[in-house]
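There are 2 protein chains.
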Amino acid sequence: MTQSAAIIGGGVIGAGWAARFLLNGWDVRVFDTNPDTQRKIGEVLENARLALPGLYDMPMPNEGALTFHDTLSDAVDGAIWVQESVPERLEIKHSVYRDIQTYCSADAVIASSTSGFKPSQLKDTAIRPEQIVVCHPFNPVYLLPLIEVVGADAKTLSRVKSILQGLGMFPLLVKKEIDAHIADRFLEAVWREALWLIKDGIATTEEIDDAIRMGFGLRWAQMGLFETYRIAGGEAGMRHFIKQFGPCLEWPWTKLMDVPELTEELIDKIASQSDAQSGHYSIRELERHRDANLVGMMRTLKARDWGAGAILNTHDKTMNQTGSIPETLDEVSDLSLPIKTVDRAVPIDWTDYNGHMNEARYLQAFGDATDRLMFIIGCTPEYVTKGCSYFTAETHIRHLDEVKAGARISIETQVLLGVGKKMQLFHTMYEGDRLLATGEHMMIHVDLGTRRASNPTKEVADQLGRLVSEHAKLLLPEGAGAAVGTR
Amino acid sequence: MTQSAAIIGGGVIGAGWAARFLLNGWDVRVFDTNPDTQRKIGEVLENARLALPGLYDMPMPNEGALTFHDTLSDAVDGAIWVQESVPERLEIKHSVYRDIQTYCSADAVIASSTSGFKPSQLKDTAIRPEQIVVCHPFNPVYLLPLIEVVGADAKTLSRVKSILQGLGMFPLLVKKEIDAHIADRFLEAVWREALWLIKDGIATTEEIDDAIRMGFGLRWAQMGLFETYRIAGGEAGMRHFIKQFGPCLEWPWTKLMDVPELTEELIDKIASQSDAQSGHYSIRELERHRDANLVGMMRTLKARDWGAGAILNTHDKTMNQTGSIPETLDEVSDLSLPIKTVDRAVPIDWTDYNGHMNEARYLQAFGDATDRLMFIIGCTPEYVTKGCSYFTAETHIRHLDEVKAGARISIETQVLLGVGKKMQLFHTMYEGDRLLATGEHMMIHVDLGTRRASNPTKEVADQLGRLVSEHAKLLLPEGAGAAVGTR
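Protein sequences appear in the order of chains A and B. So the number in our numbering is just where the residue sits in the first sequence, counting from 1, plus 14. So the number in our numbering is just where the residue sits in the second sequence, counting from 1, plus 14.
Simulated from the structure, these hints should not be mistaken for lab results. Check before you lean on any hint, since a few could be wrong.
[Claimed, not checked] Result set (PhoX-like, lysine-lysine): computed pairs, CA atoms no more than 20 Å apart in a straight line: (1) B/K213 with A/K257; (2) B/K189 with B/K169; (3) A/K213 with B/K189; (4) A/K354 with A/K331; (5) A/K169 with A/K137; (6) A/K354 with A/K487; (7) B/K283 with A/K213; (8) B/K190 with A/K213; (9) A/K175 with B/K331; (10) A/K213 with B/K175; (11) B/K331 with B/K189; (12) A/K190 with A/K175; (13) A/K189 with B/K213; (14) B/K189 with A/K190; (15) B/K175 with A/K331; (16) B/K257 with A/K283; (17) B/K435 with B/K400.
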């Protein structure tokens with residue numbers, strides 16, 4: 015039977031919870047007196063449907079049913095999980111808990127999204143205090159895994175953990191309740207420091223964001239604070255790092271003071287916790303993991319021309335000025351030979367469990383070669399903006415040899431056909447002189463409005479024609495025209 | 015002519031600078047009295063060679079020459095950039111600057127990696143103070159773009175920026191010098207807060223790292239603090255966010271106090287800076303960018319089974335239990351039909367500038383289908399660990415229709431051949447009933463030790479044989495055996 019969750023309070027956080035439950039197959043029952051709730055949840059849900067399922071390599075369950083209710087009593091009816099995300103005022107929370115507990119099942123989990131209140135404060139006036147637990151999420155709730163769980167007794171905790179894990183979340187048990195739990199203590203410290211920097215005219219919001227996302231933000235996304243610093247300590251380890259940077263605690267490196275004394279006992283505690291956490295990796299292994307994570311994340315941002323990735327794209331353009339990859343037909347040194355369309359290193363994240371470049375990355379590189387050939391004949395991003403492009407209709411790849419991360423590969427492209435809507439290309443991939451693969455591709459020119467085949471503009475057709483007549487003098491490359499399994 | 019950089023101090027940071035310069039085509043001249051310097055720089059350089067070039071889609075310049083020098087005077091000879099990364103003690107820095115300025119060109123830039131000292135402190139006893147500028151990098155220096163630039167006059171600044179950009183870095187000008195510049199003020203505030211949490215027994219180093227990397231670390235890697243909070247304010251914007259969360263400043267949300275007063279003037283300043291930074295996007299657009307960045311970065315971590323990505327992999331396994339994708343031959347409901355080997359949503363980061371799933375992602379999905387079929391016949395990760403696998407030798411894809419992000423696709427797999435070292439598969443991809451593509455693949459069984467063709471184990475051969483004899487009764491699928499451009 016489908017399980018039901020009640021969402022009490024349908025703002026940004028409540029809506030994120032609703033989406034997380036629905037997409038994991040739960041029925042969701044929403045109560046919020048704001049007349050705009052239905053629209054807002056609909057919009058968050060639309061974002062979540064686009065983003066969350068693609069994170070998995072398996073189908074998610076069928077989406078549950080979303081219903082809106084006029085009364086709280088109706089919303090909590092039959093719910094085994096009640097998520098409270100009402101405004102952060104204690105008297106409101108207390109009143110809402112009285113209502114929830116009057117109507118909900120005594121077996122239901124009542125979870126609070128509160129970022130600031132301690133569970134003891136929430137349970138203060140409750141009918142069944144043991145039913146209430148803090149489950150503090152992070153926006154966007156439908157994507158980020160972290161949930162801080164505070165104030166659950168052993169029996170409730172195991173149920174809470176199992177349900178949250180079933181939603182794909184990462185429940186982090188906060189063992190002692192404190193104001194703002196764990197993560198928000200950092201967020202608040204950074205927020206306070208940022209306010210000083212802006213007030214004192216040291217930096218703008220944009221400069222602060224760049225100071226974060228161009229540097230330590232990328233480190234923290236994958237390793238956090240201590241594992242990063244463990245690496246910074248180098249071969250001498252965590253204890254060395256603390257000894258080296260400990261004295262900063264007495265320096266005016268932040269306006270935020272009240273600093274713990276770095277006793278030998280505290281240093282021991284940190285160093286041994288860090289060993290327990292990361293000691294199964296050598297520093298060199300941690301560095302390799304860090305670098306591979308960074309390369310993959312930065313290439314993701316590069317594909318989206320965002321943040322640190324936009325910097326890489328700018329740098330790419332500079333490097334091409336010194337490179338051998340032509341941008342126009344006039345830049346091609348000898349039109350009677352295949353054109354060099356790719357010259358690059360194999361990124362770390364292009365390799366797979368067999369220890370070599372993954373088959374799909376061969377096609378990605380061939381796709382880049384096709385893009386470059388299109389660019390050279392005038393099918394540029396501007397041409398695409400005007401509503402035309404070439405789509406790949408058919409591909410034949412022969413994987414002839416392996417290649418590893420870091421190796422430099424190049425691709426040469428021969429045009430086999432270019433007439434009307436059709437363009438047939440033959441790419442050959444090398445590492446130095448070593449033949450790695452060939453790719454044969456049939457491209458169809460397309461009107462992006464109708465998504466149907468169409469003729470290219472005269473300019474593009476003319477440039478393609480010029481290339482075709484030159485390449486017609488070349489021999490048909492070995493492997494062209496072959497089907498799988500034939501020679 | 016190749017430009018030269020002198021690296022004074024070859025620890026983790028100096029070595030990172032050396033790698034960054036070398037891989038961007040500069041000659042690098044190192045001075046460090048530590049006898050271990052050569053080995054350490056060699057190891058960092060090895061990491062950098064593997065990671066940095068793959069970030070680009072263009073070839074990097076030829077690597078410069080790396081030389082080690084016994085004297086500082088020799089190292090700075092001919093260098094137009096001198097990077098100082100000696101220990102953080104002012105008297106050491108002053109003495110090093112006297113030596114550098116005695117021997118280096120008066121036109122060279124002398125850049126300090128200092129995280130704590132202000133440029134005025136460094137210039138204090140200098141011969142030519144205007145030559146010295148803070149260029150504070152972040153580890154790993156060869157990958158992270160951020161450089162805080164402090165204390166350069168207008169003429170030096172334009173030169174420094176141009177050289178750093180030429181190295182692919184992001185120079186962030188810090189307009190007023192303060193202790194620890196900008197980023198390290200945040201790092202220090204977080205470090206101080208973390209020490210309290212550990213000292214007070216609230217959380218361990220591992221719990222703190224998880225609290226960061228499972229949540230806000232992923233946000234900060236792409237947007238930083240303010241752009242993230244701009245979204246959290248929702249349609250009501252930054253001003254609303256500050257009003258809502260401003261009162262926390264008076265709450266005990268951190269042990270770090272000395273809190274700025276949230277005057278109307280400060281609120282105005284923040285809100286208008288945020289408008290200037292991100293006002294060209296609507297909140298909805300920012301949400302979509304955030305989600306697409308997160309999905310891409312989280313899928314990167316997933317492929318590496320790391321951090322937030324490891325959580326996704328665990329969840330995937332749970333979902334497969336309810337899914338329709340078999341893990342063994344016995345789980346296949348009808349052996350006489352093609353086997354469903356993929357059932358998934360198209361991730362946001364699988365689409366391209368044509369607004370549909372990129373051609374290489376078709377092959378990625380077909381590759382996943384092949385992996386599943388291998389798994390089903392017993393070629394599991396354990397089998398690979400024992401030294402055997404199947405490699406793809408040849409691929410033929412027909413792209414028959416487009417598909418968009420978020421759509422659910424499935425793949426059915428028919429075995430055309432399975433004899434000796436060869437296995438020939440035919441995949442058909444659908445969205446619902448709509449045919450999207452076919453993929454025909456010749457696989458060769460390989461000994462991972464010799465990297466040569468070999469026969470599979472009897473167990474695998476038997477299971478494959480069982481499937482082959484069942485699928486032999488099926489018709490040859492349409493498109494099988496075809497070459498590019500034939501019907």
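Sort out which numbered hints this structure fails and list those numbers smallest first. 10, 11, 14 and 16
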